[in-house]
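Student: For reference, the chains in residue letters:
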Amino acid sequence: MGQVLAPGVTAPDFTLHVTPDQTLSLSDLRGRPAILAFYPADWSPVCGDQMAVYNQVLPEFREHDAEVVGISVDSAWCHQAFAETRHLHFPLLADFEPKGAIARQYGAYRDGEGVCERALFVVDRDGIIFWSYRSPIAVNPGADGILDALDRLEKQENSDGRAQSAGNGG
Amino acid sequence: MAELKVPVTAADHARGGANGQVVLVEYGDYECPYCRLAHVQVMQLGRHFGDDLTYVFRHFPLTEIHPFAEPAAEAAEFAGAQGRFWDMHDAIYAHQEQLSLLFLMGAARALGLSERTLEVALEAHTYAPKVAQDFRGGIRSGVNGTPTFFINGHRHDGPFDYQHLADAIQSVRSGL
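Respectively, the protein sequence lines represent chains R and H.
Each residue of the first sequence is one higher than the last, beginning at 1 in my numbering.
Each residue of the second sequence is one higher than the last, beginning at 1 in my numbering.
If you are wondering where the hints come from, they were derived from the structure by calculation, not from laboratory data.
Treat the hints loosely; a few may be bogus.
Here are the simulated DSBU-like pairs of lysine-lysine, each with C-alpha atoms no more than 30 angstroms apart in a straight line [to be verified]:
(1) H:K130 to H:K5
(2) R:K155 to H:K130
(3) R:K155 to H:K5
Here's a subset of chain R near chain H, in silico, CB distances under 8 angstroms, partners left out [what the hints assert, rightly or not]:
(4) A6
(5) T10
(6) V53
(7) V57
(8) V139
(9) G142
(10) L147
Quick caveat: nothing in here was measured; it's all calculated off a predicted structure.
For glycine and all other residues, C-beta sits at the position ideal for the given N, C-alpha and C.
Using the sequences and the hints given, assemble the complete structure.
Tutor: As structure tokens, this is what we get:
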């Protein structure tokens, strides 16, 4: 197992299918914190729980102005069916062709199994990785690490005087 | 390893030993089939460990996939406000396949509680803040689906069948 990309590194840009006829690029999210959640597969019960939890935490992610995207090697059609069934309200990206190419760039691909690791990245407004975490493949990491990272990011932005709303600068 | 961020207090719903050496906290959803299975295991754990085990239930309704999870949680809180939390809790899990608003009303009636008052409380979301508070605390503690268990504050990442939970509880108890 390699290492996932560490904080301080520019998050590699990507353009992936979010539906069979639409794509999404990381650069589209520039200007807001982005949460990249790599996960092994749609439909497996534990993954379903992980995405179901993020779905329920969306209001808290949005309080931090953050967008979350799920990324796996499943196809856009598979993602579409999964998202519809589970009523997911955030994009699932298909790292499908070439398979796992983006996950590899993030150090989040499992060669033997041909699936993504359970790896989480919080990317800041400028596209720099602020926090990353790889969970053991069998352990769904939940959302606490992401929210803690978003709290720290917000604090850092405020102390840097880079907060968007006036008066927050320190 | 994820840790429980919200300590157990008197505001929690607890059963089993009043001051058990081991405290098992579950974050659960009333419409989740895995939680129903877990309910049976938890009852069995209670019989096995007796007063050594305190069991606490907190709400973690996955409302996007379980439309009745939230009203059920609020109905349990409604019953709890009248000292009948566990009666409602057990009734819901015993008849989970029938879960509906009508079922919750009937369950209230069977407990001698006012259906009309429950109806008003559900419409006004009187108990929603309590449920939301449980949910937010769960998220911050690393709850990653339902059910999620914490044993003396540490998230239990293994399977939640009787034997795995009993072994985990036993090993914590022996280490004390």
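Student: If a hint holds in the structure, say so; if it does not, say that too.
Tutor: Evaluation of the provided hints:
1. H:K130 to H:K5: With a Cα-Cα distance of about 16 angstroms, the restraint between K130 (chain H) and K5 (chain H) holds, given a limit of 30 angstroms.
2. R:K155 to H:K130: holds, 28 angstroms
3. R:K155 to H:K5: With Cα atoms ~20 angstroms apart, K155 (chain R) and K5 (chain H) stay inside 30 angstroms; holds.
4. A6: Check failed: Cβ of A6 (chain R) comes no nearer than 22 angstroms to chain H, outside 8 angstroms.
5. T10: Where the cut-off is 8 angstroms and the nearest Cβ of chain H is about 29 angstroms from T10 (chain R), the hint is violated.
6. V53: holds, 6 angstroms
7. V57: V57 (chain R) check passes; min Cβ-Cβ to chain H is 6 angstroms, inside 8 angstroms.
8. V139: holds, 5 angstroms
9. G142: holds, 4 angstroms
10. L147: Holds, about 7 angstroms.
Of the numbered hints given earlier, the model fails hints 4, 5; all others are met.
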